[in-house]
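As you go down the protein sequences, you meet chains A and B in turn.
Each residue of the first sequence is one higher than the last, beginning at 300 in my numbering.
Each residue of the second sequence is one higher than the last, beginning at 180 in my numbering.
Derived by calculation from the structure, the hints in this document are not laboratory data.
Computed from a prediction, not measured in an experiment: that's the story for all the values here.
Hints are not guaranteed to be accurate.
Pairs of lysine-lysine, DSS-like flavour, derived with a Cα cap of 25 angstroms [unchecked claim]:
no., chain 1, residue 1, chain 2, residue 2
1, A, Lys374, A, Lys330
2, B, Lys451, A, Lys414
3, A, Lys411, A, Lys374
4, A, Lys374, B, Lys368
5, B, Lys451, A, Lys460
6, A, Lys411, B, Lys451
7, A, Lys436, A, Lys414
8, B, Lys477, B, Lys406
9, B, Lys363, A, Lys374
10, A, Lys436, B, Lys435
11, A, Lys375, B, Lys435
12, B, Lys451, A, Lys436
13, A, Lys375, B, Lys451
14, A, Lys375, A, Lys330
15, A, Lys374, B, Lys451
16, B, Lys435, A, Lys374
17, A, Lys327, A, Lys374
18, B, Lys363, A, Lys375
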Amino acid sequence: MSGQPMIELTNVNKWYGDFHVLTDINLKVAKGERIVICGPSGSGKSTMIRCINRLEEHQAGTIIVDGIELANDVKKIEAIRRDVGMVFQHFNLFPHLTVLENLTLAPIWVRKTPKAEAEATAMKYLERVRIPDQANKYPGQLSGGQQQRVAIARALCMNPKVMLFDEPTSALDPEMVAEVLDVMVTLAQESGVTMLCVTHEMGFARSVANRVIFMDRGQIVEENTPEEFFHNPQNERTKLFLSQILQH
Amino acid sequence: MSAVTAGSPKSMFDSGVLGWLRNRVFSSVPNAIISMLIVWLAVMTVPAAFDWLVTSSVVHADGTRECRAIDNGACWALIVEKHRLILFGLYPYDEQWRPLIVVGLFLALIGISCSRRFWNLSLIPIWIVGIVAIATMMWGGVLGMTFVPNERWGGLPLTLILSVFGMAFAFPLAILLALGRRSKLPVVKAICVTYIELIRGVPLISLLFMASVMFPLFLPDGMNIDKLLRAQIAIIMFAAAYQAEVIRGGLQSLPKGQYEAADALGLGYWQKTGFIILPQALRIVIPPMVNSLIAMFKDTSLVVIIGLYDLMNAAKASFVDPAWRGASMEAYVFVASIYFVFCFFMSKYSQSLEAGFARAEKR
Numbered sequence: 300m301s302g303q304p305m306i307e308l309t310n311v312n313k314w315y316g317d318f319h320v321l322t323d324i325n326l327k328v329a330k331g332e333r334i335v336i337c338g339p340s341g342s343g344k345s346t347m348i349r350c351i352n353r354l355e356e357h358q359a360g361t362i363i364v365d366g367i368e369l370a371n372d373v374k375k376i377e378a379i380r381r382d383v384g385m386v387f388q389h390f391n392l393f394p395h396l397t398v399l400e401n402l403t404l405a406p407i408w409v410r411k412t413p414k415a416e417a418e419a420t421a422m423k424y425l426e427r428v429r430i431p432d433q434a435n436k437y438p439g440q441l442s443g444g445q446q447q448r449v450a451i452a453r454a455l456c457m458n459p460k461v462m463l464f465d466e467p468t469s470a471l472d473p474e475m476v477a478e479v480l481d482v483m484v485t486l487a488q489e490s491g492v493t494m495l496c497v498t499h500e501m502g503f504a505r506s507v508a509n510r511v512i513f514m515d516r517g518q519i520v521e522e523n524t525p526e527e528f529f530h531n532p533q534n535e536r537t538k539l540f541l542s543q544i545l546q547h
Numbered sequence: 180m181s182a183v184t185a186g187s188p189k190s191m192f193d194s195g196v197l198g199w200l201r202n203r204v205f206s207s208v209p210n211a212i213i214s215m216l217i218v219w220l221a222v223m224t225v226p227a228a229f230d231w232l233v234t235s236s237v238v239h240a241d242g243t244r245e246c247r248a249i250d251n252g253a254c255w256a257l258i259v260e261k262h263r264l265i266l267f268g269l270y271p272y273d274e275q276w277r278p279l280i281v282v283g284l285f286l287a288l289i290g291i292s293c294s295r296r297f298w299n300l301s302l303i304p305i306w307i308v309g310i311v312a313i314a315t316m317m318w319g320g321v322l323g324m325t326f327v328p329n330e331r332w333g334g335l336p337l338t339l340i341l342s343v344f345g346m347a348f349a350f351p352l353a354i355l356l357a358l359g360r361r362s363k364l365p366v367v368k369a370i371c372v373t374y375i376e377l378i379r380g381v382p383l384i385s386l387l388f389m390a391s392v393m394f395p396l397f398l399p400d401g402m403n404i405d406k407l408l409r410a411q412i413a414i415i416m417f418a419a420a421y422q423a424e425v426i427r428g429g430l431q432s433l434p435k436g437q438y439e440a441a442d443a444l445g446l447g448y449w450q451k452t453g454f455i456i457l458p459q460a461l462r463i464v465i466p467p468m469v470n471s472l473i474a475m476f477k478d479t480s481l482v483v484i485i486g487l488y489d490l491m492n493a494a495k496a497s498f499v500d501p502a503w504r505g506a507s508m509e510a511y512v513f514v515a516s517i518y519f520v521f522c523f524f525m526s527k528y529s530q531s532l533e534a535g536f537a538r539a540e541k542r
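Full structure from sequences and hints, please.
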């Protein structure tokens with residue numbers, strides 16, 4: 300099993316009606332690897348990572364996560380989802396549950412963890428995202444940055460093998476971006492979890508990514524180490540994109 | 180909320196009664212006109228109504244004619260004389276303590292179900308005990324109580340049976356229908372859509388009529404389902420179709436992200452629905468749902484057409500008596516006030532529920 304990639308996408312294609320969102324995506328992600336995916340809006344980057352936990356369905360090609368192939372089998376989909384955590388752009392916390400209940404719901408009901416143990420784990424991760432004092436509040440009482448940190452902790456409570464981040468900082472006020480990125484950097488450095496992160500935070504890409512992937516019009520246009528990606532981009536579209544986001 | 184404008188020099192017009200009048204009642208010319216119109220309407224109607232209801236009303240008399248001879252207001256003597264007929268219908272007179280207890284049982288059952296402390300599985304045994312107790316008291320035939328066939332049930336207990344059981348059983352059915360209508364399984368979806376559209380496309384009256392007249396024709400000879408039960412089932416089916424659509428509105432108004440977050444955590448369909456989707460969707464639809472429950476409570480009076488003596492029909496029966504002819508207004512005001520008490524309670528309860536949820540989540 301050791302040589303087997305954590306995630307393997309082979310010739311993945313997806314259409315929304317006539318619109319070809321993903322074209323022949325091939326991607327192998329090794330265990331523990333940290334990948335940043337960037338590209339202009341509408342390039343299919345969110346769609347690609349949402350295919351990995353079947354929030355979106357691909358129409359051709361194969362996706363294999365931790366040795367399980369994604370197909371229409373609900374049991375397999377749920378098995379993959381248990382091991383793949385996701386952090387959304389708009390947090391998607393459950394507003395009718397307290398922070399602690401948000402964190403313990405899935406461990407208790409999906410993993411069948413005893414309640415006390417699930418709460419202890421939840422508190423551990425709340426400490427790690429630096430908001431243990433908010434455990435009994437409701438999401439609506441928290442700031443955007445705090446909510447996103449709760450969302451990260453919620454995903455971590457399931458002890459996932461893979462973490463997917465779908466533009467985790469783009470809905471945040473500027474002053475809150477740093478607190479969320481800090482948590483993500485710490486997570487990348489301290490845990491061995493495989494990370495796929497769609498983001499335009501190039502500082503984050505530089506400091507934690509093993510690989511940066513650039514997507515445009517549903518295709519992977521370029522992939523490279525952060526060093527090479529930023530200093531020596533190969534593709535014209537990558538150069539244009541980098542010049543646009545880095546000129547400020 | 181203070182109506183005082185900050186910064187302006189205070190005068191006698193900024194506070195007190197005059198200030199309130201100026202700020203709230205006569206703040207502009209159109210507002211002043213509307214206020215005056217409302218005051219005029221009140222002056223025209225309230226004293227006359229008060230006079231009819233209270234000042235000139237007659238409480239003790241032996242019939243409508245005697246009432247009218249005493250004074251020209253409401254003849255409450257009808258209610259004094261006939262209140263037991265209105266409240267309990269044709270239930271045997273000496274046994275009417277039983278339906279009275281049943282009304283008490285209903286109020287207790289409603290009170291318990293409304294309290295959030297009991298919102299868990301303990302409601303199921305409580306309701307089973309409640310239903311058994313109500314059935315025992317109404318039918319009797321045990322514990323030394325005489326048997327009373329349900330053809331003789333009537334009045335308020337009958338209205339409560341039809342409406343409270345109607346709501347209690349329609350609600351879970353409505354949830355299933357609403358979920359089914361959004362299901363990805365084509366057969367389930369088709370069944371739910373067909374059911375909802377068929378029932379919604381038919382007036383309750385015709386449904387009741389079908390249940391009481393047509394339905395027995397389809398049954399094999401010798402098999403007979405009680406008329407009350409048929410009406411009860413018709414009401415449940417009808418209410419469920421309407422509430423299903425209200426609940427579907429709540430399901431659709433939830434952001435897609437809530438479904439996705441639940442999916443991404445690996446929750447199964449029923450876990451997702453039970454823990455994440457329904458608690459939020461039902462909160463959103465409290466106002467329209469209570470609206471349809473209030474409508475349904477009053478719609479039970481349509482069982483008149485199949486000859487059940489509910490509160491409304493019993494009230495009608497009270498002034499059929501030649502001695503009390505012409506006192507229909509009094510009987511209707513009396514039952515209207517009973518309906519109003521229940522509906523107003525539902526309305527207030529829904530407001531307190533909404534406020535309670537809002538307080539908990541956004542402090």
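- Compare the distance between the alpha carbons of lysine 363 of chain B and lysine 375 of chain A with 25 angstroms, and conclude whether the hinted pair is satisfied. Answer holds: lysine 363 of chain B to lysine 375 of chain A is near 18 angstroms, not above 25 angstroms.
- Query: Is it true that the CA of lysine 374 of chain A sits at most 25 angstroms from the CA of lysine 451 of chain B?
  - Reply: Within the cut-off at roughly 15 angstroms; holds.
- Query: Has the given pair, lysine 375 of chain A with lysine 330 of chain A, been kept, meaning a C-alpha gap of at most 25 angstroms?
  - Reply: Satisfied, since the Cα-Cα distance of roughly 20 angstroms is no more than 25 angstroms.
- Message: Checking one constraint from the list: CA of lysine 411 of chain A to CA of lysine 374 of chain A, max 25 angstroms. Satisfied?
- Response: 16 angstroms, holds
- Given the hint that lysine 375 of chain A pairs with lysine 451 of chain B, does the C-alpha gap stay at or below 25 angstroms? Holds. Lysine 375 of chain A to lysine 451 of chain B sits at ~17 angstroms (cutoff 25 angstroms).
- Task: Would you mind confirming whether the straight-line C-alpha gap from lysine 451 of chain B to lysine 460 of chain A stays at or under 25 angstroms?
- Result: Holds. Lysine 451 of chain B to lysine 460 of chain A sits at ~22 angstroms (cutoff 25 angstroms).
- Restraint status (C-alpha distance of lysine 451 of chain B to lysine 414 of chain A at most 25 angstroms): The hint holds at about 18 angstroms.
- Query: Regarding the pair lysine 411 of chain A and lysine 451 of chain B, is the alpha-carbon distance no greater than 25 angstroms?
  - Reply: Holds. Lysine 411 of chain A to lysine 451 of chain B sits at ~15 angstroms (cutoff 25 angstroms).
- Message: Hint check: lysine 363 of chain B vs lysine 374 of chain A, CA-CA at most 25 angstroms. Holds or violated?
- Response: 16 angstroms, holds
- Query: Hey, lysine 374 of chain A versus lysine 330 of chain A, does the alpha-carbon distance stay inside 25 angstroms?
  - Reply: Holds, because 23 angstroms separates the two Cα atoms, which is no more than 25 angstroms.
- Query: Has the given pair, lysine 435 of chain B with lysine 374 of chain A, been kept, meaning a C-alpha gap of at most 25 angstroms?
  - Reply: 22 angstroms, holds
- Query: If you draw a straight line from the CA of lysine 436 of chain A to the CA of lysine 414 of chain A, is it 25 angstroms or shorter?
  - Reply: 18 angstroms, holds
Violated hints: none; the structure is consistent with every hint.
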